[in-house]
Amino acid sequence: MTASPSHTLANLAARFDLQLRGDGTRVIAGVGTLQDATPEQLGFLANPHYRAQLTSTRAGAVVLRAADAETCRGDCLIAADPYVAFAKIAALFERTPVAMPGIHPSAVVAADATIAAGASIGPHCVIEAGARVDAGAVLGPHCIVGERCVVGAQSRLVARVTLVRDVLLGKRVLVHPGAVIGADGFGLAFDQDHWIKVPQLGGVRIGDDCEIGANTTIDRGALGDTVLEDDVRLDNQIQIAHNVHVGAHTAMAGCAAVAGSARIGRYCLIGGGAGIVGHISITDKVTITARSLVTHSIEQAGEYSSGTPIQDNRAWRRNAARFKHLDELARRVQQLEKEAKQ
Amino acid sequence: MTASPSHTLANLAARFDLQLRGDGTRVIAGVGTLQDATPEQLGFLANPHYRAQLTSTRAGAVVLRAADAETCRGDCLIAADPYVAFAKIAALFERTPVAMPGIHPSAVVAADATIAAGASIGPHCVIEAGARVDAGAVLGPHCIVGERCVVGAQSRLVARVTLVRDVLLGKRVLVHPGAVIGADGFGLAFDQDHWIKVPQLGGVRIGDDCEIGANTTIDRGALGDTVLEDDVRLDNQIQIAHNVHVGAHTAMAGCAAVAGSARIGRYCLIGGGAGIVGHISITDKVTITARSLVTHSIEQAGEYSSGTPIQDNRAWRRNAARFKHLDELARRVQQLEKEAKQ
Amino acid sequence: MTASPSHTLANLAARFDLQLRGDGTRVIAGVGTLQDATPEQLGFLANPHYRAQLTSTRAGAVVLRAADAETCRGDCLIAADPYVAFAKIAALFERTPVAMPGIHPSAVVAADATIAAGASIGPHCVIEAGARVDAGAVLGPHCIVGERCVVGAQSRLVARVTLVRDVLLGKRVLVHPGAVIGADGFGLAFDQDHWIKVPQLGGVRIGDDCEIGANTTIDRGALGDTVLEDDVRLDNQIQIAHNVHVGAHTAMAGCAAVAGSARIGRYCLIGGGAGIVGHISITDKVTITARSLVTHSIEQAGEYSSGTPIQDNRAWRRNAARFKHLDELARRVQQLEKEAKQ
Numbered sequence: 001m002t003a004s005p006s007h008t009l010a011n012l013a014a015r016f017d018l019q020l021r022g023d024g025t026r027v028i029a030g031v032g033t034l035q036d037a038t039p040e041q042l043g044f045l046a047n048p049h050y051r052a053q054l055t056s057t058r059a060g061a062v063v064l065r066a067a068d069a070e071t072c073r074g075d076c077l078i079a080a081d082p083y084v085a086f087a088k089i090a091a092l093f094e095r096t097p098v099a100m101p102g103i104h105p106s107a108v109v110a111a112d113a114t115i116a117a118g119a120s121i122g123p124h125c126v127i128e129a130g131a132r133v134d135a136g137a138v139l140g141p142h143c144i145v146g147e148r149c150v151v152g153a154q155s156r157l158v159a160r161v162t163l164v165r166d167v168l169l170g171k172r173v174l175v176h177p178g179a180v181i182g183a184d185g186f187g188l189a190f191d192q193d194h195w196i197k198v199p200q201l202g203g204v205r206i207g208d209d210c211e212i213g214a215n216t217t218i219d220r221g222a223l224g225d226t227v228l229e230d231d232v233r234l235d236n237q238i239q240i241a242h243n244v245h246v247g248a249h250t251a252m253a254g255c256a257a258v259a260g261s262a263r264i265g266r267y268c269l270i271g272g273g274a275g276i277v278g279h280i281s282i283t284d285k286v287t288i289t290a291r292s293l294v295t296h297s298i299e300q301a302g303e304y305s306s307g308t309p310i311q312d313n314r315a316w317r318r319n320a321a322r323f324k325h326l327d328e329l330a331r332r333v334q335q336l337e338k339e340a341k342q
Numbered sequence: 001m002t003a004s005p006s007h008t009l010a011n012l013a014a015r016f017d018l019q020l021r022g023d024g025t026r027v028i029a030g031v032g033t034l035q036d037a038t039p040e041q042l043g044f045l046a047n048p049h050y051r052a053q054l055t056s057t058r059a060g061a062v063v064l065r066a067a068d069a070e071t072c073r074g075d076c077l078i079a080a081d082p083y084v085a086f087a088k089i090a091a092l093f094e095r096t097p098v099a100m101p102g103i104h105p106s107a108v109v110a111a112d113a114t115i116a117a118g119a120s121i122g123p124h125c126v127i128e129a130g131a132r133v134d135a136g137a138v139l140g141p142h143c144i145v146g147e148r149c150v151v152g153a154q155s156r157l158v159a160r161v162t163l164v165r166d167v168l169l170g171k172r173v174l175v176h177p178g179a180v181i182g183a184d185g186f187g188l189a190f191d192q193d194h195w196i197k198v199p200q201l202g203g204v205r206i207g208d209d210c211e212i213g214a215n216t217t218i219d220r221g222a223l224g225d226t227v228l229e230d231d232v233r234l235d236n237q238i239q240i241a242h243n244v245h246v247g248a249h250t251a252m253a254g255c256a257a258v259a260g261s262a263r264i265g266r267y268c269l270i271g272g273g274a275g276i277v278g279h280i281s282i283t284d285k286v287t288i289t290a291r292s293l294v295t296h297s298i299e300q301a302g303e304y305s306s307g308t309p310i311q312d313n314r315a316w317r318r319n320a321a322r323f324k325h326l327d328e329l330a331r332r333v334q335q336l337e338k339e340a341k342q
Numbered sequence: 001m002t003a004s005p006s007h008t009l010a011n012l013a014a015r016f017d018l019q020l021r022g023d024g025t026r027v028i029a030g031v032g033t034l035q036d037a038t039p040e041q042l043g044f045l046a047n048p049h050y051r052a053q054l055t056s057t058r059a060g061a062v063v064l065r066a067a068d069a070e071t072c073r074g075d076c077l078i079a080a081d082p083y084v085a086f087a088k089i090a091a092l093f094e095r096t097p098v099a100m101p102g103i104h105p106s107a108v109v110a111a112d113a114t115i116a117a118g119a120s121i122g123p124h125c126v127i128e129a130g131a132r133v134d135a136g137a138v139l140g141p142h143c144i145v146g147e148r149c150v151v152g153a154q155s156r157l158v159a160r161v162t163l164v165r166d167v168l169l170g171k172r173v174l175v176h177p178g179a180v181i182g183a184d185g186f187g188l189a190f191d192q193d194h195w196i197k198v199p200q201l202g203g204v205r206i207g208d209d210c211e212i213g214a215n216t217t218i219d220r221g222a223l224g225d226t227v228l229e230d231d232v233r234l235d236n237q238i239q240i241a242h243n244v245h246v247g248a249h250t251a252m253a254g255c256a257a258v259a260g261s262a263r264i265g266r267y268c269l270i271g272g273g274a275g276i277v278g279h280i281s282i283t284d285k286v287t288i289t290a291r292s293l294v295t296h297s298i299e300q301a302g303e304y305s306s307g308t309p310i311q312d313n314r315a316w317r318r319n320a321a322r323f324k325h326l327d328e329l330a331r332r333v334q335q336l337e338k339e340a341k342q
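Keeping their order, the protein sequence lines are chains Z, D and B.
Numbering of the first sequence is given in the numbering used here, commencing with residue 1 and proceeding in unit increments.
Numbering of the second sequence is given in the numbering used here, commencing with residue 1 and proceeding in unit increments.
Numbering of the third sequence is given in the numbering used here, commencing with residue 1 and proceeding in unit increments.
I should point out that these hints are in silico values taken from the structure, not numbers from a laboratory.
It is possible that some hints are incorrect.
Because identical chains share one entry, a pair is satisfied inside a single copy or across any pair of copies.
Stated by the list, open to error - Straight-line C-alpha distance at most 27 Å; calculated DSSO-like pairs for lysine-lysine:
#1 LYS285 to LYS338
#2 LYS197 to LYS324
#3 LYS338 to LYS197
#4 LYS197 to LYS285
#5 LYS171 to LYS285
#6 LYS324 to LYS285
With the rest of the complex left out, here is chain Z:
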C-alpha cells in the first residue's frame, strides 16, 4: 500500500479547468459525500435533492455549479458539470491494484497463444489456443481466454471472467467478475418431437472503452457476430442474446435483457430490469424506464415505459381483478355513450 495522494485546491482547479473560490492552498486528501466528507475531503453537489446539505457539510471544499456557489460558505470549485468534475477528481484517489506484468506460474497458457510483454496474467488463468492478450492488458485471477479470443490493449478482466471463444475485446475494456462472453446463443429447432441444437458459429465483437458488469452474459452470434460498439456500458446480470447489436455510448442498468437479433441505437439508456424482445430495432437516444418490456421497434427518440404502479396489496388486488375485464368495461362505456346520445 502506498501513501494516499493529496492535492491542493489550486492544483485541482488548474488540472481540471475549474474555477476556484476560496483558499487555493487547502490540501485535499480524499473525496466524500456532502453528508460524510471530513474537512480533509472534497464533496460535491450535482443532484439538487441534496442542496440542503451544503450548509451542514463538514467537507473541506465542494465541487458545484456557479448557481450553488452562493450558498456555499466554505471553499469551492465551480464546474459546468460538477458530477463529471467530481468523477475526474475522485479518480486521483482510487487505489487500483497494481498488476505485475508477466504470467503467474499457476496460469495455463497454450503454446500458440500470444501474450504481449507488458500484459499481466493472474493466478490460475487459462489462455487457450490462438488467443492473444495485448500490451498493458491485465487479467486478474481465474480468467479464461478461449480459443481465438483477443483482449485489447489496456483492457482489464478483474477476476474470473470467461471469454468462451471467438471474442474480440477492444482497447481499455473493463470486465467484472463472473461475466461470460461468447457462450452459445440459445438456438433451437423443433424436429417433430424433440429439440435439435442450431450451431452457434459466430463470435462477439466488443468496441473500445466498454464496461461489462459482474455476472453479465453476452452470447456469440449464430451466424455473424454479436456486437457492442465503443463506449457501451453494461451493469451487472445483464443478458445479451446472440446477434444483438448495441450502438456506441448506450448504457444499460442491472438485470436488463435483450433477446436475439435486436438492434439498439446509440446513446440509449436502458433502465434496470428492462427487457427488449428479439428481432426489433430501437433508434438512437431512446430511454426505457426500469422494468419496462419493449415488444416492438421504436423509431422515435424519447422515453418509454410499461407496467403498473406499486400499491397497497389490497387496493392492487381489486384493480388487477378489474384489469382482467378492462376490454369489457370499455365496451360498456361505449354502450353508455351511445345510449346517452339517443
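Starting from the structure of chain Z, add chains D and B where the hints point.
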C-alpha cells in the same frame, strides 16, 4: 486448426433427405444468413419475414420450403422444415474444440472419484469425493464436480461450471459457463425474531440431452430432488428453485425464474424473463409470453400473458395513474349503468 | 462417508423441547415430506394445504401443531411452530462436507494475507494482499478473497465465490457459488459525448449470519459502503447496487434487484424478481410481492404489489390494448357522469 470442411449440394441433399434443385456439384464451404452469405455458402429461408432477401442474396444455394422455391433463382435444397434442415447442415461446419482425453495436470481429483478412460478433465478442474465422470464427457477449464455428482457420458461442461453436490447429469448434457447446479435451495424458517436455515438435503437430477445456459442456477431439493426431464433446454441466467420439476422438451428463454416446488409440464415454452411462483402446476404445451408472471396453476394448454404494453412515458404515466383507481372507475360505470336503466 | 445418524423420538423431544405423543423409543434415521417419508423417517405438517396427507403418510412420526395431532394416527412430536422444529431436527441429518483445516497446495496466498490456524482454504483459491480469513472459516474450491477483504469466523464460501476487494464478511456468513461481492458499482458521468467512469471507492460490509445465494452480485459503494446488516438472507441471482443498505433479518427471494443507494428496513420480505429503484427508502416489516417494482419510498409496514394478472393471451391482448387508452376512458366516464347529473 484443421481445414474447413466442404460438401457438394448433392451430398447434402442425400445426407439429410432433401430435394435438390439445381447444380448438385456445387461445393458448399459454410453457412450464412441470406443477407450475408457468400457464393461459397448456403443460406436458408425459414421466417417469411425475410422472403424478400431471396432475390438479393449472394448465397450459393438456399434451403427453403417448396412453396418458396419458385422465387429462388439459384440452386436450392427443398425441405419440409428448412430451419431444422439448416441446423443439421450447419452442424457440419461447427468448429467444436477438440478435447484431449485425460486429466490436465493442474486438475485436483479426489482419490475415490471415478473418471472414465475417455473423459477429458481440463485445467484447474476440481473433482470431489465420490464423483463420477463417464466416458466421452468433456470438462473445460475451471469446472467443479462436487461430492457424489455424476457427469453422464458425452456430456460437456464448457468451462467454469459448478456442480455443488448430489447432482446427476444424464447423457449428452451441455452446460455453459457460470452455471451453478445443486446449490442450497432458499429454505428459511422464522424463529420468533430471526431466521434459521432449513437444511437442503435433496439433490438435482437432469435428464439426457438437456442444455443449461450461462450463469443459470438450479438449486438442489430441500427433501427429494429438483428434476429436469430429458431434452429440457434452459437459456442463460435462469433460476430454478428447489424441488421444481420440469417436464421433457420444455424450453425456457433467458432470465426466466421458477419458484420452489412448481411443476411445469412437457413441451412448454417459457418466454424470456417470465416468472412462475411456487407450489403451482402448469400442464403440457403451455406457452408463457416474455416477462409474464404466472401466479396460479394452468390446467389448459395454450398461450398466457400478463403485463401492459410499452408506451411513450407521458401517456403511460397518465394511464398508470388511472390503473390505481381502476376498481373505483368500474364501480362508477356500474352506477351509470344503473342510473341509465332507471 | 460416515454412517447416517439416528435418534429416538424421546431424544428429539427432549433436545428441541417438543411434546412427544406415542412411542419414544422409535428410531428416526432421516426426514422427508409427508408424501415420500418412509417408516424410518420423520415428516412434518406446517402448511395446512398438505393436511390431507396426514392420513395417508407412511412417515414413522410427524412434527405438527397440537391442533393437528388429533388427526394423526401414528407417533408425533407437537411443536408451537412445526416448521422451525423440523428445520432444527433436519439439521441433524445434514451431510455437510467436512473441510480439512489448512491451505490446499494449489491455492495462491499473498505473503501478507492472514489465515487463521483452523481455517480451510480449498483447491485453487486465491487470497490477495492484506486479506484475512478467520478461525473456522471454510473456503471451497476456486474462491477469490481480494485485497483487504475479511472472511469472518465460521463463515463458509461454498465454492467459486469472488470477494473483489474491501469486503468484510461477519461471522457464520454462508455464500453460495458464483456470488460476486465488491465489484465496482455502476457509476457513470456523461461528459458531453461519452461516458466517464465514476470511481467506486467504497467497500461492502456484511453482518453476521447472512446468506448470499448463487450468482448473486453485491457491488461496493461509490463513496461509503454497501451494507447488509445481520441475518439478511439473499436467494440466487439477486443484484444489490452500490450503497444500498439492507436492514437486519430482511429476506429477498431469487432475482430481486435493488438499485443504488436504496435503503431497506428490517424484517422486510422482498418477493422473487421484485425491483426497488434507487435513492428510496422502505421502512421495516414491508412485504413486496413477486415481480413488483417499487418506485417510491414506503413509509408504512404492510404488503405492496404491482403488475397485472396472468390471462389467456387473447383476453390479455384486448385488455392490454385498452390500458393504452385508460386515461381517455376515465375522462369519458367523467363526461358521462357530468351529463347524467344535468
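Taking the hints in turn, this is what the structure says about them:
In this homomeric assembly, LYS285 and LYS338 never come within 27 Å of each other (Cα to Cα): the closest approach is 43 Å inside a single copy and 42 Å across copies. For the homomeric pair LYS197 and LYS324, neither the shortest alpha-carbon distance inside one copy (38 Å) nor that between copies (39 Å) is at most 27 Å. Taking the shortest Cα distances, LYS338 and LYS197 never come within 27 Å of each other, neither inside one copy (56 Å) nor across copies (59 Å). In this assembly of identical chains, the alpha carbons of LYS197 and LYS285 lie at most 27 Å apart only when taken from different copies (20 Å versus 36 Å within one copy).
In the homo-oligomer, the alpha carbons of LYS171 and LYS285 lie at most 27 Å apart inside one protomer (24 Å), although the nearest pairing across protomers, at 47 Å, exceeds that limit. For the homomeric pair LYS324 and LYS285, the shortest alpha-carbon distance between copies (23 Å) is at most 27 Å, but the shortest distance inside one copy (34 Å) is not.
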